[in-house]
Amino acid sequence: MKARRDIEQEINRTLGSLDGVQRAEPGDFFFTRLQARLARMREEPTDAWERFIGIISRPSVAFSALALILAVNGVMFALNLPTTGRQEQAALQQAFADEEYQFGIANFYELEKPEQ
Amino acid sequence: MTDIIAHLKQGSEAAFKELVAQWKGMVYNTALGILQNEADAEDVSQEVFMQVFESIGTFKGESQISTWLYRITVTKCLDFLRKKTRKKRWGKVYSLFGAQNELVIDPPEFHHPGVELANKERAQLLFKAIARLPDSQKAAFVLNKLEGLSSKEIAGIMDASVSAVEGLLHRAKQNLRDQLEDYYRNQD
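Protein chains in written order, with the numbering used here: chain Z, 1 to 116; chain W, 1001 to 1188.
Same shape as in the complex, but just chain Z (with noise of 0.2 Å):
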């Protein structure tokens, strides 16, 4: 475990390390590259899909989109939830169906037979 003073001695000498730092500079040739990008730029125009893209690929776009349709979701289920007066609804609708469609025959040779 080093001394306090030497952690010290160590922190200031690192932050220091940059003092009297070069200068960096771009490799060779850096004006032709970007004239060559310069070209390339005027040639293609900005592709609007890629632009789509990029926004729709935002976190905060495509979080936002999933919580709207997720509250469309519970909005639409909350909707259709069974009310007394739907289920009544659907009963009498049963009813008449069976009547009328015979839905309770399970075969057409019940179909057949004479009712009694």
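Everything hinted at is true.
Dumping the calculated DMTMM-like pairs for lysine to aspartate or glutamate here, alpha-carbon to alpha-carbon at most 20 Å:
| hint | chain 1 | residue 1 | chain 2 | residue 2 |
| --- | --- | --- | --- | --- |
| 1 | W | Lys-1087 | Z | Glu-50 |
| 2 | W | Lys-1128 | Z | Glu-8 |
| 3 | W | Lys-1083 | W | Glu-1042 |
| 4 | W | Lys-1128 | Z | Glu-10 |
Bear in mind the hints are in silico, worked out from the structure with no lab data behind them.
For this one, chain Z is given, so just place chain W on it according to the hints.
What follows is chain W alone, placed relative to chain Z:
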């Protein structure tokens, strides 16, 4: 310099070449300090000059050209870092679904070419700590340490007050000190 700007506004390629030759070191060095990756720094430096070429018409000469260039560079670097973070985050999500995407991998260590050999290891450690600073502290510290700018000059670039910049620099140094203290304490 005003001559170069005037010629550049008229679309002179020679003026643009002169401007790039004069300021490329400053732009690249700032970008390298913030991004800590030579390829990324070159990429962003090109983008800075492309923006200068496109928007020279909007430069009114109210601030110095160096301030304007520094401002564009810092903004582009911070945008680049945000995009990179976003790419990394989504890369992890995509990998959960088995998608094959280009991996964003940071090089393990960064050596600034201008650092003296004797300070190489310490500078590497310091850069690692700088990379963990919040964006505005990182930008202010790099401009101060690598470009040797005063608080007043940084305030002009970051569009903030001198006291705000001094606060940023103080917090940056304190953060770096805390990180380095953790490192040296756990070293043994």
